[in-house]
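Peer 1: Build out the structure end to end from the sequences listed, making use of the hints.
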Amino acid sequence: MDTSEWLEETGKMHIHRADMNRLIMNYLVMEGFKEAAEKFSVEANIKPPMDLDQLDERIRIRSAIQNGQFQEAMRMVTALHPEILDDNSQLYFHLQQQVLIELIREGRVEEAVVYAQDHLAERGQRDPSILNELERTLALLAFDQPDSSPFGDLLHPSHRQKVASELNAAILRAQNQEETTPLLAELLKLLLWAQDELNKKKVQYPVMSDLLKGQIDEPK
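The opening position of the sequence shown corresponds to residue 1 in UniProt numbering, with each subsequent residue numbered one higher.
A couple of the hints might just be wrong.
Straight line, CA to CA, 30 angstroms or less: simulated BS3-like cross-link-like pairs of lysine-lysine [stated by the list, open to error]:
1. Lys34 with Lys12
2. Lys202 with Lys189
3. Lys200 with Lys162
4. Lys162 with Lys213
5. Lys189 with Lys34
6. Lys12 with Lys47
7. Lys39 with Lys213
8. Lys47 with Lys202
9. Lys202 with Lys39
10. Lys12 with Lys162
11. Lys200 with Lys12
12. Lys47 with Lys162
13. Lys213 with Lys202
14. Lys39 with Lys189
15. Lys213 with Lys200
16. Lys201 with Lys12
17. Lys201 with Lys213
18. Lys213 with Lys12
19. Lys12 with Lys202
20. Lys201 with Lys189
21. Lys200 with Lys189
22. Lys34 with Lys47
23. Lys162 with Lys189
24. Lys47 with Lys213
Just so you know, the hints here were simulated from the structure itself, not pulled from any lab data.
Peer 2: Right under this line is the structure:
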């Protein structure tokens with residue numbers, strides 16, 4: 001089956017509009033997009049799964065993260081849910097790592113080195129996985145244009161978003177929410193798993209090579 005035939009067959013599948021709307025609303029609420037959720041609730045005539053006012057604290061924290069203010073985000077998290085960073089050392093490291101990344105992004109080299117020594121060096125000595133990530137981050141300092149370096153992925157907005165989603169899930173758990181990951185994200189993981197299984201079996205099929213663009217490549 002080539003790509004055109006595959007697209008034709010998938011186009012025949014019927015997905016109920018109500019199911020799509022619930023999927024979209026779930027994503028907006030889980031990721032803390034309150035304003036978009038409110039508008040979509042009216043436009044699609046769908047009730048949010050929770051009181052949207054409960055999103056306010058997550059929105060403030062997300063706003064700080066989007067502005068690169070990770071120290072402020074950590075302060076707000078500690079004030080609201082002090083147990084989150086105490087109980088999740090990996091998340092705490094990722095937040096501190098992102099503080100270091102933001103200092104490097106702004107060219108504040110001396111501050112970056114001091115921050116790494118004061119907050120991350122000892123943890124790196126205790127945990128090899130943390131040491132590896134710390135070394136990758138500090139390696140950015142060796143380049144005049146760190147965003148073009150082999151470690152430039154750390155400076156990409158997607159890395160900041162990844163940390164934001166990790167923190168968002170931790171806050172949801174602290175609020176005793178049963179779901180901490182949007183259903184849409186789970187479906188994408190399922191798609192990647194299915195493609196990986198097909199690849200292992202050496203099955204030829206149209207591959208979705210770019211999830212963001214929905215790009216589908218011809219079978220190889």
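Peer 1: For every hint, state whether the structure bears it out.
Peer 2: Quick rundown of the hints versus the structure:
At most 30 angstroms may separate the alpha-carbon atoms for a hinted pair to count; Lys34 and Lys12 exceed this at roughly 34 angstroms. With a C-alpha separation of about 20 angstroms, the suggested pair Lys202 and Lys189 falls inside the 30 angstroms cut-off, and the hint holds. Proposed proximity of Lys200 and Lys162 is supported: the alpha carbons are some 28 angstroms apart, at most 30 angstroms. Between Lys162 and Lys213, the direct Cα distance comes to roughly 18 angstroms. Compliance with the 30 angstroms bound is thereby established for this hinted pair.
Note on Lys189 and Lys34: the hinted pairing holds, with a Cα-Cα distance of about 25 angstroms set against a maximum of 30 angstroms. This hinted pair checks out: Lys12 and Lys47 have alpha carbons roughly 29 angstroms apart, not beyond 30 angstroms. A C-alpha spacing of about 25 angstroms is found between Lys39 and Lys213, which places the hinted pair at or below 30 angstroms, so the restraint holds. Among the hinted pairs, Lys47 with Lys202 is inconsistent with the structure: their alpha-carbon atoms are about 44 angstroms apart, more than 30 angstroms.
Of the supplied pair hints, the one linking Lys202 and Lys39 is violated, its CA atoms being roughly 45 angstroms apart against a limit of 30 angstroms. Under the criterion of a C-alpha separation no larger than 30 angstroms, the hint pairing Lys12 with Lys162 is inconsistent with the structure, at around 35 angstroms. For a cut-off of 30 angstroms, the pair hint linking Lys200 to Lys12 stands: about 28 angstroms separates their Cα positions. Our distance criterion of 30 angstroms between C-alpha atoms is met by Lys47 and Lys162, whose separation comes to about 28 angstroms.
Restraint check for Lys213 and Lys202: the C-alpha separation of about 25 angstroms stays at or below 30 angstroms, so the hint holds. For the suggested pair Lys39 and Lys189, the alpha carbons sit about 28 angstroms apart, so the restraint of at most 30 angstroms is met. Between Lys213 and Lys200 the CA atoms are separated by roughly 24 angstroms; this keeps the pair inside 30 angstroms, and the hint holds. Annotation: proposed proximity of Lys201 to Lys12 holds, straight-line Cα distance about 26 angstroms (limit 30 angstroms).
Distance restraint check for Lys201 and Lys213: the Cα-Cα separation of roughly 26 angstroms lies within the 30 angstroms cut-off, and the hinted pair is therefore satisfied. Using a Cα cut-off of 30 angstroms, the hinted pair Lys213 and Lys12 holds, with the two alpha carbons roughly 21 angstroms apart. Of the supplied pair hints, the one linking Lys12 and Lys202 holds, its CA atoms being roughly 26 angstroms apart against a limit of 30 angstroms. For the hint linking Lys201 to Lys189, the alpha-carbon distance of about 19 angstroms falls within 30 angstroms, and the restraint holds.
Using a Cα cut-off of 30 angstroms, the hinted pair Lys200 and Lys189 holds, with the two alpha carbons roughly 17 angstroms apart. Taking the CA atoms of Lys34 and Lys47, the gap is near 13 angstroms; set against the 30 angstroms cutoff, the hint holds. Distance hint between Lys162 and Lys189 is fulfilled; the C-alpha atoms sit about 15 angstroms from each other, no more than 30 angstroms. The straight-line distance between the Cα atoms of Lys47 and Lys213 is roughly 29 angstroms, inside the 30 angstroms bound, and the hint therefore holds.
Checked against the numbered hints given earlier, this structure breaks hints 1, 8, 9 and 10; the rest are met.
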